[in-house]
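Start from the sequences, fold in the hints, and give me the full structure.
Number of protein chains: 4
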Amino acid sequence: MTQDNAANAAHDLWRELEADRLHEECGVFGIFGHPDAAALTALGLHALQHRGQEAAGIVTYDGGRFHAEKRLGLVGDHFSDSRVIERLPGKAAIGHNRYSTTGETILRNVQPLFAELESGGFAVGHNGNLTNAQVLRRQLIQEGAICQSTTDTEVILHLVARSRRNRFVDRFVDAVRQIEGAYALVALSTKKLIGARDPLGIRPLVLGELDGHYILCSETVALDIMGAKYIRDIENGEVVIISEDGIESLKPFPQQQMRPCIFEFIYFARPDSVVQGKSVYEVRKNMGIELARESGVEADVIVPVPDSGVPAAIGFSQESGIPFELGIIRNHYVGRTFIQPTQRIRELGVRLKHSANRAQVEGKRIVLIDDSLVRGTTSVKIVRMMRDAGAKEVHFRLASPPITHSDYYGIDTPEREKLLAAQMDLEGMRQYIGADSLAFLSVDGTYRAMGYDSRNASQPQFTDHCFTGDYPTPLADLDAEGKNVKKRSLLAEAG
Amino acid sequence: MTQDNAANAAHDLWRELEADRLHEECGVFGIFGHPDAAALTALGLHALQHRGQEAAGIVTYDGGRFHAEKRLGLVGDHFSDSRVIERLPGKAAIGHNRYSTTGETILRNVQPLFAELESGGFAVGHNGNLTNAQVLRRQLIQEGAICQSTTDTEVILHLVARSRRNRFVDRFVDAVRQIEGAYALVALSTKKLIGARDPLGIRPLVLGELDGHYILCSETVALDIMGAKYIRDIENGEVVIISEDGIESLKPFPQQQMRPCIFEFIYFARPDSVVQGKSVYEVRKNMGIELARESGVEADVIVPVPDSGVPAAIGFSQESGIPFELGIIRNHYVGRTFIQPTQRIRELGVRLKHSANRAQVEGKRIVLIDDSLVRGTTSVKIVRMMRDAGAKEVHFRLASPPITHSDYYGIDTPEREKLLAAQMDLEGMRQYIGADSLAFLSVDGTYRAMGYDSRNASQPQFTDHCFTGDYPTPLADLDAEGKNVKKRSLLAEAG
Amino acid sequence: MTQDNAANAAHDLWRELEADRLHEECGVFGIFGHPDAAALTALGLHALQHRGQEAAGIVTYDGGRFHAEKRLGLVGDHFSDSRVIERLPGKAAIGHNRYSTTGETILRNVQPLFAELESGGFAVGHNGNLTNAQVLRRQLIQEGAICQSTTDTEVILHLVARSRRNRFVDRFVDAVRQIEGAYALVALSTKKLIGARDPLGIRPLVLGELDGHYILCSETVALDIMGAKYIRDIENGEVVIISEDGIESLKPFPQQQMRPCIFEFIYFARPDSVVQGKSVYEVRKNMGIELARESGVEADVIVPVPDSGVPAAIGFSQESGIPFELGIIRNHYVGRTFIQPTQRIRELGVRLKHSANRAQVEGKRIVLIDDSLVRGTTSVKIVRMMRDAGAKEVHFRLASPPITHSDYYGIDTPEREKLLAAQMDLEGMRQYIGADSLAFLSVDGTYRAMGYDSRNASQPQFTDHCFTGDYPTPLADLDAEGKNVKKRSLLAEAG
Amino acid sequence: MTQDNAANAAHDLWRELEADRLHEECGVFGIFGHPDAAALTALGLHALQHRGQEAAGIVTYDGGRFHAEKRLGLVGDHFSDSRVIERLPGKAAIGHNRYSTTGETILRNVQPLFAELESGGFAVGHNGNLTNAQVLRRQLIQEGAICQSTTDTEVILHLVARSRRNRFVDRFVDAVRQIEGAYALVALSTKKLIGARDPLGIRPLVLGELDGHYILCSETVALDIMGAKYIRDIENGEVVIISEDGIESLKPFPQQQMRPCIFEFIYFARPDSVVQGKSVYEVRKNMGIELARESGVEADVIVPVPDSGVPAAIGFSQESGIPFELGIIRNHYVGRTFIQPTQRIRELGVRLKHSANRAQVEGKRIVLIDDSLVRGTTSVKIVRMMRDAGAKEVHFRLASPPITHSDYYGIDTPEREKLLAAQMDLEGMRQYIGADSLAFLSVDGTYRAMGYDSRNASQPQFTDHCFTGDYPTPLADLDAEGKNVKKRSLLAEAG
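Sequence order for the protein chains is Y, A, U and L. If you're matching positions, the first sequence starts at 7 in my numbering and goes up one per residue. If you're matching positions, the second sequence starts at 7 in my numbering and goes up one per residue. If you're matching positions, the third sequence starts at 7 in my numbering and goes up one per residue. If you're matching positions, the fourth sequence starts at 7 in my numbering and goes up one per residue.
Each statement offered as a hint is correct.
Identical copies look the same in the list; a pair holds intra-copy or inter-copy alike.
Taking lysine to aspartate or glutamate and the DMTMM-like style, the derived pairs with C-alpha atoms no more than 25 Å apart in a straight line are:
| # | residue 1 | residue 2 |
| --- | --- | --- |
| 1 | K97 | D239 |
| 2 | K284 | E368 |
| 3 | K359 | D217 |
| 4 | K359 | E60 |
| 5 | K359 | D313 |
| 6 | K370 | E325 |
| 7 | K284 | E241 |
| 8 | K284 | D306 |
| 9 | K235 | E399 |
| 10 | K257 | E215 |
| 11 | K370 | E304 |
| 12 | K235 | D394 |
| 13 | K359 | D83 |
| 14 | K284 | E325 |
| 15 | K197 | E241 |
Worth flagging that the hints you see were computed from the coordinates, not collected in a lab.
In structure tokens:
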């Protein structure tokens, strides 16, 4: 068992590093009518790689048959091989990047998922999380459905398959009317590419165009990489149907104000993406500027925690006039594979990934800027690393408010009791982290960085429950269970 | 494309060699209550490896959860690894060896298949072929079922899941009452190990016992390898339920006379197995003896086509008094992996697998003994090899009757028009093969070798339609289609 | 460590099974001037696969550059891939199958080995074992040579490289004059294919021809597989040089009587090979006939230990009139990969590979025929298996004399103290094995089976020291060490 | 061939991207006397990963035997596995990261290389390039040496093996006295760890200490990652011998002024390293400051080409007062594996790796800062990307002088005719790249950034021939050949 223990311990270290970040489950892409459909989907998924690194899948339809390729690992590891792309013929394709929150990263869970109807097959890729998937799954199984994956997404397939409607689009609408929570969906039938966004627009989905063919994708960077044109964001509660006849829009839900997830701006989206019309990089810089205004401090250098803290640090530096320096260097070669063979090396922990740039730190008063604080375990180590490198003072600044509540809409957050800000007050956190001072951006400061005067408490502009506890939808699974039971299959299977 | 062409051509050669043999789809194994359940199942599958070499799977239940491991390749390639076995905890296990008749050897088709019911999960492994699976599948999809595999076996899972009965055993019986064709099933629920054999007992299933725990398996050799005791063959149309309370037997079908598949004796079962109380080796030797009686010939040596012709050749030699010699040597290192890189080498064909033992052949009159004749393509080459090695006369003798009809019960036979005996008369076949004389064992001779005076035409003792055209069950799928449509999914997926 | 222990234990079981057989180190093949040189070499190595299964290598020369491919595993696993063959251009090729006697099966030990001279490169493949390799290696290292492999063969390369002669052939002859022991060599320079056999002709090497191009190979089966013509055996002490100018023969050693290794006939060569003009199958059958004459016994059936005991068993049966039956069935799917995950299964041991055919054994007096007896560990288990299957009497007959001495010429024999016949007398062995009677073929009987009246004690016709202790050459390494030190590098490297 | 063509084309694209950067061959690490020697060596190589990403190797000595593990790929892919580390017992270890300049990335070329002397074994790892390796290799082969690798490093092993001296250290000094060019060596014998730096100190090597045990490594970051203490840089022409008796220093060469490679500061070393007492990050920032002074321009934003242009861009921004913004975002998931399956996608080229951050670029006058200009192929694309994103003006600034000469000391530079600055004048380059203005840092500006008033033309402080053509050593191989013949073996071998 020694070896497994070592591997477990190493995996634990990685998990510890990872567990102190937020994770999103997935990016989606779809294209209709393009001769290079599969290759472009691979390229789009590559641009969306930051949304999910554990697995990727592409399904195409060639006019007669569907073709699927699903692989664990990065998009570039498999889907850049022309032999794989050649096994994906057809002019219509959808693709999916997966980040898995459970240990069950097995192929049968990798999306897009596929099902056969009497009228033909269809495939679905999903970014987000359904809050009533367990309740629906239980009903479906009672009725004799056989679930092959452990994903909430499979529920959608069963709802489509069981719909009494005839046309695929009607079945699809039937299905989405039954699900709750957050979703950006791409679906492919024998005749149509469909996109759908939940009634609040929690997860993002944009429409683009290349060579006269429509594209659906999670972020604009997937358009940029292939020189495609951005058309518009899909609206909250909108279902778009793309076929040879062009594009059609349905609004099967009662009208609601949009409430996109604020974390796309703070952490998830790539800085060069434009989400809901806003440059993500600009928003993050603004957060740094607001933070400098709210919680300025006398110091010699502004040091970002790479890479996510960089835009806010640039903003903080520009607003405060204190020079921006790379006081921490990131090792780009660290991957999930780096396990640590001995106890001694495990203790080195964070140094595998980050190292102090002593020349910029020694004898200086530094302001460390990070995008957000989750468990605080990494922050403790980074502050210590700065002190070991000779920092005279370490002021920690977070370019977002304290995270006090878990997410159920597709962000992999720890249980509430593991969120540092849910356990301690500001002074407690400062002591835990070991900083000379600690400050978070206020909720209103965050909204100011987004271009609003403040949060509209009666009708909030964003989904921001992690900071406020204000969950925008019912949480049926959670209520049913009394607690958030992990989605576990009765079957454990390695892949 | 050059390379793929070469690989295809090579694969074609292998297929050509393989296509001239009969193949059975699968072996099954199950054990209940034994602490080494998974390891013993791996061992049993190893002993049944001859029944399916493309993939293997094991499902265990540990009292709380099911665990599955499925792998392409031989049992020994994967399931002899203690790490794999350790991932299969529990005292109850079922396993399956797969021979795939289509190109779609992908993991989601590998058995045992698993499904979750409201009352818990269950897994099924199947040897045989259902003759109404397509008809049932179409109905199920119309009703909104989602099929994940392209196997006929999945239909059984859906029927169980949709049954209105409560107890798992009742649901299982509900399901088997709807299926037609040939099956030996092992199923595992949270409380029970179930075995079932179709109403005619076409495919074999035996009951054994080790250390006080029951075992179900396709052949007695899987008992012998672990020192387990043979108890009895499961009867035709019998369902046995093994639980902590012991063993129970159900007979949910109207009583019928058993009619096991005669090819188990001729070709499939291992010679050291005892099937329906008969030593397979003895039966094959008897076939050689009967053949010598029916179609004796003046000759110098009896040469078996290795390895399947050996027992009959021993019988023929003993009956005729002509010495038995290994005039053909088999290369045991030939596997599916041996593809042929150049055209020249492809033409060598059969020599990769068999070579002439010139010293026993040169200048001699030889009687070649093989178990059966399918397309004849290999036989042509073997006769030519004998002549190239200097044989003076080559008399070809087959220890079974001419195969004139395709099988739909789990034997992978070519379409009828590719069966040599369906196309030509005896003299035509002799000329095609290039032998000096050719003879088949008669149908009655075959039954005599089995211990009967002759075939009982009104109530045949065996399923023998390949020789007689007398199919023992309706063929619903075939009738529905007008022809035997290949089971193809709408989804092509590589694995 | 559990897992490694399990893997080790399992590996130990396999080693136990394997350790009770003799092993030969290697087969060689060379062809000159043929456009399909690499593909034919792969095919020849495939036919010689029984001489070494751990690794294979091919070196070609394309007129400008040498190309090498070396792989662990079977020939068919890698060299049947057209992409590998395409990386081996050129009309001249040599190849090598390796059986490794130590744990160091790493790529740098896989032959053919290659070296660069000022005048160009050359490659060498070697079957056999040098008895003064350690002595020579030590001298070479003293002189500053750097050895990269741990093989005795590398010594030959250094001797060629250091020769003061100019022409490659002269350097090669210089080198072979310094080495002692057993060798069949194929060497490839930029202009020539060279074959060489040691002064006594201990290891085999034959000359053939295909499409007008010469072939050198260990056994005639490598000619048969490609339809090549056998020309003659290379003589003992002969060096043949094949070039565009044809073939030339050198005899650089004093004339001696040939003394080929007797074990090629008893065990190593394929039964369909013709070695030194004798059919191996015939010789083995003769050994069975002589054995029946010397040690006949009242019995019901003759049962061969498969597969090596079959020809002798056929001879014994024909001579004695007792019927030959397959009382033991071999599982062809057992490979080195079959490790046993639990202690219980490890104890099953031999049953993974062999099983009793109870119908032929139960209640019978059986004569078990095997080719030779090494440690006896497998024999014990096979006798017990026969008794478990109900044998009334078990008479064990070996178709060769007792092995009392180790080999140093390329056969992997255990140390002398582990050879059963070196430890016990006949009655001791009988009791150890648990047989009712035990008999070996006499040395003179063995020579009679080879066509001689008896062994010529003053000038023995064969290398037979394993039976007689009469080593045909000096054993310099052994003398230097006082004992047979394992060839270990100072460097342990995994591959 | 289609597929291979596609793979080649894709590989070509990658090579095109890579070919426009400079590459260094290798990083080295050694540690003596530490119980965790292998694990720490793996960790050190991980910190030095930027110096070579194609392969890594570690050799340890356990008091009785050497152990080696060599793998293609990143350090973390293999050497973070405790099973690999466990196969490397011993308290002394050396390791090596390799960047391969030729196609022959095969295991036998991966360092450290090992050889056996009469007195025991030794291993060597080498960073740098010998300028007389081909001349020496030819001599060695004439004398009968057998070269197994195609590396210049193997020459050192042969020189050590052939030395007439007795002690290993004397043999080693004998060897380094014969080699010319650039080298930082770590060597391990049964008793000693040796480090050596060429007479000019072209390649770096530093001495550190952890828990009282000495460490040798290429850069200080390898010390930082494990919390080891930096002691000093090894001097030019110094050989240090570390043993149980402590550390000893030899100076076997005539005293010379040090002349380290200037490119370590400009590009190779990690920014958080301290080389020859200078912070690499500070030097690069200074280069940006000098560049702003020499070639300032009116503009709206300073945009670094990530990641190598960042420190200079920060310096340029601070000096010029123009804001620093991330106008280009790097995709961190691009790796060597990303091949492009279709022509269309190949044309997208640089966008796989970099994308424009439109919000920071559109309508702005931007100053692009990169560290150096090699072929210019990437620069063309980046300027075009900026214009496509709406940049009003693009001013390109290089924080180093024009590269006009190839390197022969371990930097993989293109042949001279492919260096843009060797082909065109400044205005030609500006037009080729498509920038509105183009400027390079002057040679004296570069020296000022390093802390000198200017370059000392009679005794230059750095090896800077790439900018000046002033090669610091003879180039024997180049002179012998008349041109820089590629190091090719007579043997092509895949690995």
